[in-house]
Amino acid sequence: GAVVSQHPSRVICKSGTSVKIECRSLDFQATTMFWYRQFPKQSLMLMATSNEGSKATYEQGVEKDKFLINHASLTLSTLTVTSAHPEDSSFYICSAPRTSGSLAGELFFGEGSRLTVL
Amino acid sequence: AQSVAQPEDQVNVAEGNPLTVKCTYSVSGNPYLFWYVQYPNRGLQFLLKYITGDNLVKGSYGFEAEFNKSQTSFHLKKPSALVSDSALYFCAVRDGTNDYKLSFGAGTTVTVRA
Numbered sequence: 003g004a005v006v007s008q009h010p011s012r013v014i015c016k017s018g019t020s021v022k023i024e025c026r027s028l029d030f031q032a033t034t035m036f037w038y039r040q041f042p043k044q045s046l047m048l049m050a051t052s053n054e055g056s057k058a059t060y061e062q063g064v065e066k067d068k069f070l071i072n073h074a075s076l077t078l079s080t081l082t083v084t085s086a087h088p089e090d091s092s093f094y095i096c097s098a099p100r101t102s103g104s105l106a107g108e109l110f111f112g113e114g115s116r117l118t119v120l
Numbered sequence: 115a116q117s118v119a120q121p122e123d124q125v126n127v128a129e130g131n132p133l134t135v136k137c138t139y140s141v142s143g144n145p146y147l148f149w150y151v152q153y154p155n156r157g158l159q160f161l162l163k164y165i166t167g168d169n170l171v172k173g174s175y176g177f178e179a180e181f182n183k184s185q186t187s188f189h190l191k192k193p194s195a196l197v198s199d200s201a202l203y204f205c206a207v208r209d210g211t212n213d214y215k216l217s218f219g220a221g222t223t224v225t226v227r228a
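Chains as they are written, first to last, in the working numbering: chain D, 3 to 120; chain U, 115 to 228.
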């Protein structure tokens, strides 16, 4: 099967600092990855689409300068929460679609990263 | 536009009883429908999907779902629930023409009591 890995799984930081979360597709290449945010006991809200080799596409209401996305290679996308504040505390999940092979068309999710801003 | 509604925040069943989690959808094109399960502080695990073909889809862990076009529904079912099925379940939809961008329902918390 396909595996998507996120790191770190948990991070605690002070208000005003920046935090980087990595999302890697371990056994397939992903030109597109998706970043979601999930509040406690709520659904996943799509934040942005990460595109390899070009700028990310952000959903309406998501601050581009606050949530920096870089799709550095075909297997790595990073989300950087800049100048984090307590209201940025959340569970962030990435996903990547497999576009070839027997699992083509399926979306695979990372394990999520819980960010706590003090 | 695409959206999903999960009308029940919570479903409680006794172990061994049938489990149903409801989902209705709205999409402009052909619906691609999915069910995922999430355990605390974990990512989403794929259960099953409907793309085309038979309306009854069988998935992981004994789950199945029935696509009903006239009712725009895709309810998740399991004939005999286990305590280990207790988790948060998400229904999701995307238009078959878009690039994998899913819309999720609000989620349904399933509690199976022993």
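Bear in mind the hints are in silico, worked out from the structure with no lab data behind them. Since this is a predicted model, take the numbers as computed values, not measurements. Quick reminder that beta carbons are idealized off the backbone N, C-alpha and C, glycines included. Some hints could be false.
What the hints assert, rightly or not - List of simulated lysine-lysine pairs, DSSO-like, C-alpha gap at most 30 Å:
1) U:K215 - U:K172
2) U:K172 - D:K66
3) D:K57 - U:K172
4) U:K191 - U:K215
5) D:K57 - U:K191
Said to hold, decoys possible - Across the chosen pairs, the derived CB separations fall in these ranges:
6) U:D168 - D:T59: 15 to 25 Å
7) U:K172 - D:S20: 29 to 39 Å
8) U:N131 - D:R116: 46 to 56 Å
9) D:Q62 - U:Y175: 13 to 23 Å
10) D:T59 - U:K191: 34 to 44 Å
11) U:S174 - D:T33: 36 to 46 Å
Claimed, not checked - If you only want the chain D side, here are some residues facing chain U, beta carbon under 8 Å, derived:
12) Q44
13) T80
14) G112
Going through the hints against the structure:
1. U:K215 - U:K172: 23 Å, holds
2. U:K172 - D:K66: The hint is violated at about 40 Å.
3. D:K57 - U:K172: Violated, at roughly 38 Å.
4. U:K191 - U:K215: Given pair K191 (chain U), K215 (chain U) holds - Cα atoms ~25 Å apart, limit 30 Å.
5. D:K57 - U:K191: 41 Å, violated
6. U:D168 - D:T59: 15 to 25 Å: 35 Å, violated
7. U:K172 - D:S20: 29 to 39 Å: With a Cβ separation near 45 Å, K172 (chain U) and S20 (chain D) fall outside 29 to 39 Å, so the hint is violated.
8. U:N131 - D:R116: 46 to 56 Å: Since the Cβ atoms of N131 (chain U) and R116 (chain D) sit about 33 Å apart, the hinted range of 46 to 56 Å is violated.
9. D:Q62 - U:Y175: 13 to 23 Å: Cβ of Q62 (chain D) to Cβ of Y175 (chain U): about 36 Å, so the range 13 to 23 Å is violated.
10. D:T59 - U:K191: 34 to 44 Å: 36 Å, holds
11. U:S174 - D:T33: 36 to 46 Å: 27 Å, violated
12. Q44: 7 Å, holds
13. T80: 17 Å, violated
14. G112: 5 Å, holds
Hint compliance for this structure: hints 2, 3, 5, 6, 7, 8, 9, 11, 13 are broken, all remaining hints hold.
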